[in-house]
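Q: Here the protein sequences line up with chains A and B, keeping their order.
Note that the numbering used here has the first sequence beginning at 1, numbered continuously upward.
Note that the numbering used here has the second sequence beginning at 1001, numbered continuously upward.
If you are wondering where the hints come from, they were derived from the structure by calculation, not from laboratory data.
Listed below are several chain A residues computed to face chain B (Cβ distance under 7 Å; list not exhaustive): (1) LEU90; (2) PRO99; (3) TRP105; (4) THR187; (5) PRO193.
This structure is a prediction, so every number in the text was calculated from the model and none was measured.
In this text, a Cβ means the ideal position worked out from N, Cα and C, and glycines have one as well.
So the chains spell out like this:
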Amino acid sequence: MSTVALAGPGTFLGSSIGKKVVMAVTGLMLFGFVLGHMAGNLQVYLPHPEEAMRSYALFLHGFLHGAGIWVARLGLLAAAALHIWAATSLTIQNKEARPVGYRQWVGWESTYASRTMRWSGVILLSFIIFHLLHLTTGQVHPQFEDMNPYRNLVTGFQQLPVSIFYILSMVLLGMHLAHGVWSMLQTLGLSHPRYKKLAQKAAVAFASLVVLGNISFPIAVLAGILK
Amino acid sequence: MGGGTGKNLNLKLHVWRQKGPNVEGQFVTYDAPGISTEMSFLEMLDVVNERLAEKGEEGIAFDHDCREGICGTCGIVIDGRPHGPRPRTTTCQLHMRSFADGDELVLEPWRAKGFPIVKDLMVDRGSLDRIIATGGFITAPTGTIPDANAIPVPKENADIAMDAAACIGCGACVAACPNASAMLFTAAKITHLAMFPQGQPERSSRALRMVAQMDAEGFGSCTNHGECESACPKGIRVEFIARMNADFVVAQVTKGRREAQAGDSSAG
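One chain only, chain A, in its complex shape (with noise of 0.2 Å):
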């Protein structure tokens, strides 16, 4: 399918490990930055959220002289390129390898989380895209202030819509990762019977803690706790 010589037929890139091994690892950037996402925001619950998230995001745009911002930036826009390249190309191999479905067919195994992971995927990306433009760069936020983050939330979620769309994207995004976080252990080769469960519980419960630490903040806005 591609043309670049690095993904040719026996290269690393070519291969349907080698595009897993990318999932993976670009997976992993991901999702630790949404953990790391999820844990800055929490000062909203400070005792002054206006300052203490205000200083936070002067602390963002100034570490390493204010190229430190933009190469997170570009490391996450890279990753989800990748990410989205791999998944693409892997999805486009699987279809094609059943060419003719089965008039019936039961799953033991697999969850919906596992059958789903492409369209939860596909329905993250344009939440990713969404929240770029409502509380990153204010295109579609009702009364965006400029380095104001806590403000912009507030005023942001009291939109009833918008924090329905929030909360259900952060379940979605729970699903991608109770089942990602454990199919990146398995696809780096770092698998053991001893450790299968434990790792399994690990991904549900570190998905857990990005979706609730994520939803409590349009549900406290909603409750009139941040205001």
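Take the given structure of chain A and dock chain B to it, following the hints.
A: Relative to the frame of chain A, chain B by itself:
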């Protein structure tokens, strides 16, 4: 099956009929009355075929050989499950007591690009043989039989290798996988040789070549559903896929360790 304690079932079968590799197929419905619960699934099909022969109709073609659950030849997707509803059981070892009177069963062949249909429920699994041929071997000196236990093998390694070597190559993993991936099969074959000292010389090239052949045969890739493990009549575990992934990655990043130098023999 004489004088058993079984009872008789009246079944309806929806069977995939396809005359040859590149022709259209369709489901044909057959009544199968008076099927003893003592019969194996394949004996049930034998009875159905005898009745078809008496009517002058062509019998249902299906793969079978040893009928003892060890050769890996048989394989039918029964009601959406490769080898039917019983865990760790091949189609030939599945008995009709697993079904109830009045059941309607859907019989389909393994569905995968890598398993072209030969006829009806028979598929060509030569793709799995070609994967084996690229790396499923070790290099051993010929001559006298070596002393037993001359090469120490840890007991746990031997046990894991035996677990992997239990794979009979039936292809149920491919049939069960939503992506028609042959990674459980390939992983089992890679693991069973990689666990032994005798398997080390080819360990890297084996992982590279078998994975390349697996991809070339048009199989999909693993998305960690785990359907293969539950469908496998020999209980091959998905942990072996992680082991294959690790072997492949190590082989990819370490290949080409020595550059050719002037004075190297070209005679090899």
